[in-house]
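Heads up: the protein sequence lines correspond to chains D and R, in order.
So the mapping is simple: the working numbering equals the position in the first sequence, first residue as 1, plus 5.
Take the second sequence: its position 314, counted from the start at 1, is 306 in the working numbering, and no numbers get skipped.
Some hints here could point you the wrong way.
Facing chain R, from chain D, some residues (calculated, C-beta under 7 Å) [claimed, not checked]:
hint : residue
1    : Q36
2    : T71
3    : A212
4    : Q214
5    : D216
6    : H289
Note that these hints are calculated values from the structure, not bench results.
Here the structure is a predicted model, which means the values were calculated and not measured.
Built from N, CA and C at the ideal position, the CB exists for glycine as well.
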Amino acid sequence: MMRFKLVTVALAGLLSQAVIASEVNVYSARQESLIKPLLDQFTSETGVVVNLIAGNGNELLKRMQTEGIASPADVFITVDAGNLHAAKEAGVYQPIQSALLEQRIPTKLRDLDGAWVGLTQRARPIFYAKDRVDPATLSTYEALADEAWKGRVCIRSSGNIYNQSLVASMIEHTGAEATRQWATAFVKNFARKPAGGDTDQLRAVAAGQCDVAISNTYYYGRLADSAKPEDRKVYDALGVFWPNQADRGVHINVSGAVLAKHAKNIAEALQLMEFMASDQAQAHYARINHEYPVVPGAPISDTIAAFGPFKADDLNLTALGVNNRRAVQLMDQAGWQ
Amino acid sequence: MITAIGAALCVALPVLVVLGFMLFSTSESWSHLVETVLWRYILHSVLLSVTVAIGVMMIGVPAAWLISFYAFPGRRLLSWLLLLPMAYPAYILAYTYTGLLDYSGPVLTWMRNIDAPTWVMWPLLEIRSIPGAAVMLSLVLYPYVYLLARAAFLEQAANVMEAGYSLGQTRSQVFLRVVIPMARPAIVAGTLLAVMETLADYGTVEFFGVQTFTTGIVRTFYGLRDTAGAAQLASILLGFVALLVILERLSRRKIQYYSDQNRRLSRLAVTLTGWRAIFAMVLCAAPMMLGFALPTAVLGYWTLFYAEGGALWSLTLNSFVLAGIASLVVVGVALVIAYANRLYPAPWLSNVTTVIGLGYALPGVVVAIGVLIPFGALDQWLSRGLMAFGVEPRLWISGSIGLLIFAYTVRFLAVANGNLVSGLSRIRPSLDHSGRLLGRTQSQVLRQIHVPLMRGSVLTAILICFVDVLKELPATLILRPFDFNTLAVRVYDLAGDERLIDAAPASLMIIAVGLLPVILLNRSVHAANHD
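Extracted from the complex, chain R is given alone in its bound form:
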């Protein structure tokens, strides 16, 4: 319990730093911001979020539905191919499609040569725009919805659906009236993750020249050198996210979702044939093709024919080890908090949990700054104190891998927490109670009931954190120690210098490293479901 509070407060630190700056210092350029750009930031961020939310649901839910309830050729393969875009950082997808679809890129040059009608070329030309950014983000973020929706579908009780059929409902009526409402927490959670990622995105919107809150914060902080103004913008962003989280909670209110897990759905799967099977295949293959296969082919082509790259092995090792350690730490902390919430369900504790969850929607840049300011001050204070003892001033805490991992924890705790909470919510409290009634201690209940049931959720959480850390850029850039580079840093290094093609090998490596856990995850989710 104490650990949970400690962890929660630590993680809330950067959020508090941001709020503190907003409350206790005045912005010199706030009126300028309000007059010129604030409404544009708000409008663009809202438009982008809404479009991505619609996009990820339109892709993720139908795919999960087809994979879960129908049999068609390639279903097994597609069930995990659909996860592959998860390995893509949105910014790499954006770089790749820009190279492909820019006015001077190969596709449009070819279209002009064959005199393609302008209404075909026009939308492709506008890739650097809000719709373009929304497509890029949706293509890499839909797996969150797909993954969570599929898990929810798989765990739904067959008997509830059978009850629907026996009451004369058709398949689609059962889908709309039973399956979707029961999977709603999972779908909403997945969509919320996608929206939070969208609000925190910097690489894509910056590259596309879309002015959102994130680019606005960075511009105010660095361009106008106005910390208070940037903090005020960040606070508005936080407010947006808080509103979303509260709305999601209100919409669920007191409803609890539990189900029997003793009956499996596979017996209900309907076999599709003919054009229906082809339609299902195309629907499931398209997002994977656009979000993975095509850009990977382009990156591969660039790597083979043009890119000049150095050795990537040490970078790969750094990325892998860093992401591995960080994901274990993040999930460990999330477990403590999730269980504290379950065992001691005080409302204030769940509010604290909500606050730390906001860290996920804080752009990496803001998290890094929120971490750097207090720990930098602490280092200065330590150095001053120790100078009296003749110790040369140096960094004690910041500039270390530890602080970097701390920043990742702040940034990604909500991801891990969301997974664990939804996993826990599917373990009925009556199971715990039965265990206790049968004379088991709390820890025996955990070991004998929760560990086997939670395995899938924990693995999912570790995996998602691993891939997120691997792709994370701004915080890594700001906080890393001397001579410590990762793949993402290399990609940024080259892309920032307008050498997109030279960045291709490192991009491919990020995706390759990110793929391993995606495959592992799929296996473990399968195993957990077939125990």
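Same shape as in the complex, but just chain D:
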């Protein structure tokens, strides 16, 4: 047994000497195709090698948990405050200490305890069929539960984190009981059983299966830039409506990053996060994926600029994670499939 240990130790020594260049290990729930160009740019500017596993956020998080102290992950990147909060609850983080990030990124887009920082922003407004819906009849998310919208609403399933976070924000603003009543009425207005992603809901509105849909903004932006004429037709048939402008503002969310609890390359990890908050990286996201920057004043793409300005919900996104579990149960009770 002793000999075995000695051999292993010797072997480990050899292995660790083989690593010369500084590096940072990233677990990313953001698609590789989206994030890789940015990481390559980081490497070419700093010389820090980035090792990447891109996959499903929940699964990567669970992987970090089970790997524990042995985990190679330094940075965990994921979408939605609900998922970021799950990382916090799972205890796989250490507080991010960077004056630069604190200065550049508004407080509401960061966790209150520094468990995560937002890196890109998206809104979840209402989209309507221009030829059938007068935008003056639209007002709030709450109003979509009215009788007038019976059989006219398309939205994806309650298994989706974007919807969970939307409902979590409503719980925070209007209370659990009011939200439960709203969800129960809202579900009765669905034009069809929830299926597919956000883009499918937009297509269904354009095709006439329903009159309004709720979707994240970048999906709509992608349709605008698509090479397919059918996608352009969908884009042209729809209008963006920013709900709740008279009260709390439209629901927004972020993609963001967590500094891993057992990170071995902390300096490089922070360097990477600060790079992603740079004007140049913020502009990349805006250009490639039509997301809004988290850094005030950073440039946005012409496509999303065309959606117009809006008032965003000022809620600190930490609340979305805190209310997630209640949101899921509430949607189950409302029969939201």
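Since the structure of chain D is provided, determine the placement of chain R on it from the hints.
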């Protein structure tokens, strides 16, 4: 013998982890699950399984029957074209048909433009539903039934059928009373595989918004963050599968199926002409058209005109090598277990074999979690121990290709095992006994009798595992090491981002790589049957 037990226990590990969680921890949300969604999961999973079971038999058995016992134009070609849908992951078929048949897709848009009657459009519109999922799964899973039924038909003794004719039975009576009962183990085994694949399916049902056990487990585990609740759901799923396996065994009980292999059937083939030949051709061509040709054409069209893709070569190489190594390992382990069962037929050993077979019905996500939890703990333990010697904590076992292959072994051992056991069961024990009586040792019997007779079954097993690993998604996603991507991962990456069309090139590549072994297999099965 010891090896077999060791292998069996290793493979049973994830199953034990799941059961352990169920027994030793309490679920916080179980009553919520029971009140709201549990019955829906049960109902949907059962409905889907039953529909797929009927679907694969309705497609697979008649096709195998026509190909085996009739001559008609295109028979030889169709005999292997029928295997092609095997190369399709159900989720890719689902993505493709959705793009084609969605309300806003080209087919329905065209139908609305020509004012097609609603009763034609309505069923197409409901593709994201239980029947829709059942059709998708049946189209890719029927080859299991077809393949096993055809092998059984080909190996049936002609003299048994001739006896039927000489007793005044008609062709269809012989089919129903002799051929089908004798091929029953193969047909049931194929259907069981299809049902287990169905229960383990995640990609298709998730995409279609059908709530089954698999989506329920994932939702409970990740959404409600309730490991015990998810384990409880997984255990109910396991219970279902165990019940199926036991029912299948009970239905066979002590009946043994052996046959003489010295007479070939080809002499009995009846030549079809006229409309009968056309009918046979259409019946055999339709599943291949729907499960392969049409979706491939759509994917090809998307690839050529719209998709923006990067280089796929390194992904293809990764997929191919990974599937190659994994399928050899899986079949190697399955061989050890299958022979241990034959040489030492203790009941407990066959029970252990049954337990590991359950791994096949465990969704890939659950297998991956069941693998990750114990090995992650082991890595942490090793890291803590070695920190005393100044070694920086790191992963020793998880995060490696080895663990990924281990997970594949758990997941697909039942596939390999099923093939090998049905192959072995057709080698009469009397052959072994004769060999031993003639002074051959056990290993000589293996080399001189079993190797030639088992070649077809082993090749089939390797092939099916190869294609399964190539298509496998959840476990690959969860367990793969840094900077290691496969074709399936790329497809998921893009499809998960609602870029179905950009996923088309990688999808096509999975299918192309999966086709090579399908063709090889068909050849080797033919060769084995004509030796």
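Structure-based check of all given hints:
1. Q36: At 5 Å from the nearest chain R Cβ, Q36 (chain D) passes the 7 Å test, so the hint holds.
2. T71: 3 Å, holds
3. A212: Since the shortest Cβ distance to chain R is 3 Å, the answer is holds.
4. Q214: Given a least distance of 5 Å, the restraint on Q214 (chain D) holds.
5. D216: 13 Å, violated
6. H289: 16 Å, violated
Comparing the model with each numbered hint stated earlier shows that hints 5 and 6 do not hold.
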